[in-house]
Amino acid sequence: MATKLYWLHTLSPTHVGTGRGIGYIDLPVQRDKVTNWPLIPGSAIKGVWADYYGATDKKRDGDDEGARWLRAAFGKGGDDSSNAGSLIPTDARLVCLPVRSFRGTFAWCASPMALRMLHRDLALAGVGNLPLIPALDVETTVLHPSQAASALVDEHRIYLEDLDFTAQSNDEAGDWANQIAKWVFPGDANKDWRTAFMKRFAVLPDSVFDYLTETGTEVTARVRIDDDSKTVATGQLWNEESLPVETILAGFVACDRVYARGGTAINQDDQDDVLNRFASETMNLQIGGKATVGRGRVRCVFASVKG
Amino acid sequence: MRTNSQKMAQAAYTAVAQTFDELHGKERDKYLTVSRGFPTLVHACGLAQAVAFARAKQNDYERYMKDLAEVLGAAGNDDVATVDGLDHASRNEPVSGYLRLSRTALQSANWIKRYAEALKED
Numbered sequence: 001m002a003t004k005l006y007w008l009h010t011l012s013p014t015h016v017g018t019g020r021g022i023g024y025i026d027l028p029v030q031r032d033k034v035t036n037w038p039l040i041p042g043s044a045i046k047g048v049w050a051d052y053y054g055a056t057d058k059k060r061d062g063d064d065e066g067a068r069w070l071r072a073a074f075g076k077g078g079d080d081s082s083n084a085g086s087l088i089p090t091d092a093r094l095v096c097l098p099v100r101s102f103r104g105t106f107a108w109c110a111s112p113m114a115l116r117m118l119h120r121d122l123a124l125a126g127v128g129n130l131p132l133i134p135a136l137d138v139e140t141t142v143l144h145p146s147q148a149a150s151a152l153v154d155e156h157r158i159y160l161e162d163l164d165f166t167a168q169s170n171d172e173a174g175d176w177a178n179q180i181a182k183w184v185f186p187g188d189a190n191k192d193w194r195t196a197f198m199k200r201f202a203v204l205p206d207s208v209f210d211y212l213t214e215t216g217t218e219v220t221a222r223v224r225i226d227d228d229s230k231t232v233a234t235g236q237l238w239n240e241e242s243l244p245v246e247t248i249l250a251g252f253v254a255c256d257r258v259y260a261r262g263g264t265a266i267n268q269d270d271q272d273d274v275l276n277r278f279a280s281e282t283m284n285l286q287i288g289g290k291a292t293v294g295r296g297r298v299r300c301v302f303a304s305v306k307g
Numbered sequence: 001m002r003t004n005s006q007k008m009a010q011a012a013y014t015a016v017a018q019t020f021d022e023l024h025g026k027e028r029d030k031y032l033t034v035s036r037g038f039p040t041l042v043h044a045c046g047l048a049q050a051v052a053f054a055r056a057k058q059n060d061y062e063r064y065m066k067d068l069a070e071v072l073g074a075a076g077n078d079d080v081a082t083v084d085g086l087d088h089a090s091r092n093e094p095v096s097g098y099l100r101l102s103r104t105a106l107q108s109a110n111w112i113k114r115y116a117e118a119l120k121e122d
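Going down the list, the protein sequences come from chains A and B. Numbering-wise, the first sequence is residues 1 to 307 according to the numbering used here. Numbering-wise, the second sequence is residues 1 to 122 according to the numbering used here.
These aren't lab readings, by the way, just hints derived from the structure by calculation. It should be emphasised that the depicted structure is a prediction, and the values quoted were computed from it without experimental measurement. Ideal Cβ placement from N, Cα and C applies to all residues, glycine included. Any given hint could be a false lead.
Said to hold, decoys possible - Chain A residues, not near chain B, derived (Cβ > 10 Å throughout): (1) R31; (2) V34; (3) K59; (4) M113; (5) P134; (6) A167; (7) R277; (8) S280.
Stated by the list, open to error - Only part of the chain A face toward chain B is listed, based on derived beta-carbon distances under 7 Å: (9) G23; (10) Y24; (11) T140; (12) D162; (13) T215; (14) V219.
Said to hold, decoys possible - Straight-line C-alpha distance at most 35 Å; calculated DSBU-like pairs for lysine-lysine: (15) A:K33 <-> B:K66; (16) B:K26 <-> A:K230; (17) B:K57 <-> A:K290; (18) A:K306 <-> A:K33; (19) B:K57 <-> B:K7; (20) A:K58 <-> A:K76.
So here's chain A without its partners, still in its complex pose (with noise of 0.2 Å):
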């Protein structure tokens, strides 16, 4: 099965919420059951995805080359002649959380747990050449890249929300922020980013990257006003959860093969097509929900995880 990686990087708070919480927060985001991080759903993703390259129904009906790569990357409705798409993206984890920093910010903070399931779905999906997981198990110290003046660092201490470390220079955090940077912020147009990345990254102890992933969400109180007195509606207030703004998130995209009507499949080398023609520009999305007060602008980059 030909496969992608594809990375999100958040630009405005995201929220692909749950419906309804029965915490503090009364709009929370979707979380992993195992580990509560955030993550974005790949059903998040599909439609918009979609979306972004017009495949509305109509042209999606047409008989034309463009209609029929549209229904073979994102699937036809209809009761006789339906078919899924061939693109399947799978749920987005958490990479890197961007938390709020005494020096340089903000820090792009991952932890050994997070990178060791990066690594390991990274290596299933055949890439090679991966960095070493950093050790840690220290919980007052954090690994940022060696190959980089952090900006973080301020006299050996690095200061993350209202949490104190001593700051920690380390060989695989530097290789790990060094290829993450590349598949983010690829190009030359990106070049600054990558240096900011570089100089930003850090790991966390797992124990408070846990944490920060519950708390280091932004939560924003929203109202209703009334029309008539022009204050708060009755009951009418309640909190939001969203991802912040900065957040790094990774996944894969797979072409497999679809049986469209009289069972004729996609050969491998239309799956490589497929995927050339969806899954390779940089696109601008709109994910989530409450995309009228500006939540879930989103960077979607695919990398190759072939070298």
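Dock chain B against the given chain A, drawing on the hints supplied.
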């Protein structure tokens, strides 16, 4: 054996019911507002800052903080079962203890919020 959630729920129910027996009108509304806002305050600012803020606004938060400390104590955190203990611990715990205390405080505050909203009309 009871879960920590059960212990917190029982303590929160008892504390809020007692508070609402004693507070009425605007005082009760104020307590309800504080119980709705405090968990978000911890989320946004961290436990140490939230507790310090609550102590600075003593009149509005005094009863709420007493109840919060009681719920924390009921979940087995004897050292933070009083407001002074909670204040001290939030400033002095090492990182691992602080993270655990923050999480437990958020859970406790959640239970108080739920029961304050459930019992507000009684």
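A quick look at each hint next to the structure:
1. R31: holds (15 Å)
2. V34: Its Cβ never comes within 10 Å of chain B, the nearest being 17 Å, so this holds.
3. K59: holds (44 Å)
4. M113: holds (15 Å)
5. P134: The assertion about P134 (chain A) holds, with a minimum of 18 Å to chain B.
6. A167: Non-interface label stands for A167 (chain A): nearest chain B Cβ at 14 Å, farther than 10 Å.
7. R277: The claim holds: R277 (chain A) sits with its nearest Cβ about 43 Å from chain B, beyond 10 Å.
8. S280: Label holds. Min Cβ-Cβ 39 Å, cutoff 10 Å.
9. G23: It holds, given that the least Cβ distance between G23 (chain A) and chain B is near 5 Å, below 7 Å.
10. Y24: holds (4 Å)
11. T140: This interface hint holds because 6 Å falls under the 7 Å limit.
12. D162: Holds: closest Cβ of chain B sits about 4 Å from D162 (chain A), inside 7 Å.
13. T215: holds (5 Å)
14. V219: holds (5 Å)
15. A:K33 <-> B:K66: With a Cα-Cα distance of about 33 Å, the restraint between K33 (chain A) and K66 (chain B) holds, given a limit of 35 Å.
16. B:K26 <-> A:K230: Holds. K26 (chain B) to K230 (chain A) sits at ~21 Å (cutoff 35 Å).
17. B:K57 <-> A:K290: holds (34 Å)
18. A:K306 <-> A:K33: Given that 35 Å is the threshold and the Cα spacing comes to 31 Å, the pair holds.
19. B:K57 <-> B:K7: holds (28 Å)
20. A:K58 <-> A:K76: holds (10 Å)
Hint compliance for this structure: every hint is met.
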